[in-house]
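Let chain A serve as the given structure and place chain B on it in line with the hints.
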Amino acid sequence: MNGAQDLGGQHGMGPVAPEKDEPYFHAEWEKRALGLTLSCGAFGAWTIDESRHARESLAPATYLSASYYEIWMRGLETLLQRHGFVSPAELAAGQMLEKGRDPKRILTAEMVPGVLAKGGPCDRPAPDAPRFAAGDRVRTKNFNPETHTRLPRYARAKQGIVEAVQGAFVFPDDNAHGKGENPQWVYTVVFDGGEIWGEGADPTLTVSIDAWESYLERV
Amino acid sequence: MHDHDDHDHDHHDNHFSGIQARVKALETVLTQKGLIDPAAIDVIVETYETKIGPRNGARVVAKAWSEPEFADWLRRDATAAIASLGYTGRQGEHMRAVFNTADTHNLVVCTLCSCYPWSVLGLPPVWYKAPPYRARAVIDPRGVLEEFGVRLSDAKKIRVWDSTAELRYIVIPERPAGTGGLDQEALADLVTRDSMIGTGLAIPAGEAR
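So the sequence lines, in the order shown, correspond to chains A and B.
1 is the number of the first residue of the first sequence in our numbering; add one for each residue after it.
1 is the number of the first residue of the second sequence in our numbering; add one for each residue after it.
Chain A with its partners taken away, still in its complex shape (with noise of 0.2 Å):
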């Protein structure tokens, strides 16, 4: 979707600014906002991508002046809403008002190391061939779906080679949307800046993305 998120190019966002000797968290409400997250991603009630999507459908003014960790946060009180978990009246309450849905599993302190360590791999095996090979030419597609993608608007109707075929994955776009996991092969295409950018491009810079296969086409 073409929300605040999709920052690519964007001007007027200020200098980067970093900060020497960052800590880790800068307050102790970011740590449990981080273990929230993680805590409640163990239900198993949603994907990545949709926690992905209710992070990036956020008002753009919300997204915008939010930090990074209260951008998690409100993206997760839209989460377990939508499943059931708790209701708006206990959001406001900052109580429990009644039991909700139950979890496939809860995560316990001792499950953690596992948990982590295991992680979450999206590589599927892909139903069909990948359609294009390294050196091919290609062509991004010219789209602008209200739902889920990771086809930065930037990358738009843009023409790239692909690099590497990188593997078939879950693809994000319909598995942000409960439509299936429906893996989809991976390719990095490499764009010169001067296509993407035009006029006045640093003509030293190459940009690559890592793309579906149905977000590309054969030139």
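Do not rely on the hints blindly, as some may be mistaken.
Under 7 Å between C-beta atoms, here's a sample of chain B residues computed to sit facing chain A [as the list claims (entries may be wrong)]:
{"#": "1", "residue": "L85"}
{"#": "2", "residue": "T88"}
{"#": "3", "residue": "G143"}
{"#": "4", "residue": "E147"}
{"#": "5", "residue": "V150"}
{"#": "6", "residue": "T164"}
Now the stretches of chain B that chain A is said to cover, found in silico as 3 or more residues with beta-carbon under 8 Å [unchecked claim]:
{"#": "7", "segment": "41-51"}
{"#": "8", "segment": "66-75"}
{"#": "9", "segment": "167-175"}
Derived from the structure by calculation, the hints contain no laboratory data.
We treat Cβ as the ideally placed atom computed from N, Cα and C, and that holds for glycine.
Here is chain B on its own, set in the frame of chain A:
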């Protein structure tokens, strides 16, 4: 460091306490329902504060600098090569290593969210997740690098990797000159977090802390 709490919220004076209350309310409701184990949150935080951080990635780089066979393995199958050192798991399930050379500098960004290789670099810094870096890394990488104190020669090519899928990237910086006699632990001391994102370079020999 405390004045940094409001860093992102200059125009919202009471925003910080708002989110603090919000997180507290959520944790309270979920705990009362038995849906979360607050001790699990403590273990998660402790893991990323003390066990999983950029030292993991620095050891990957030092080994690649020292052992050509390991560097080749990283190029072919970074996931397996990195897993051989014990660095696996969340946000490192599918890894790629990209090598800086005399004529090309690599820079990693996630313009759409904050994808980052947790298993080798730990949790991402605030700037990596914030709009300025995500907006500018793909269109003005040289300007971004200068804000990190890195000035590349005009002839050096810049390759930006936008992490749009589930592949997570680690940049293998160039090995500093004059480090032939160092063992891998000493080499790892020259590898900064930023050098593995591409916003920095390895520390020259003799300047390590």
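Next on the checklist: If you test the structure against every hint from before, which numbers come out violated?
Outcome noted: Violated: hints 1, 3, 5, 8, 9.
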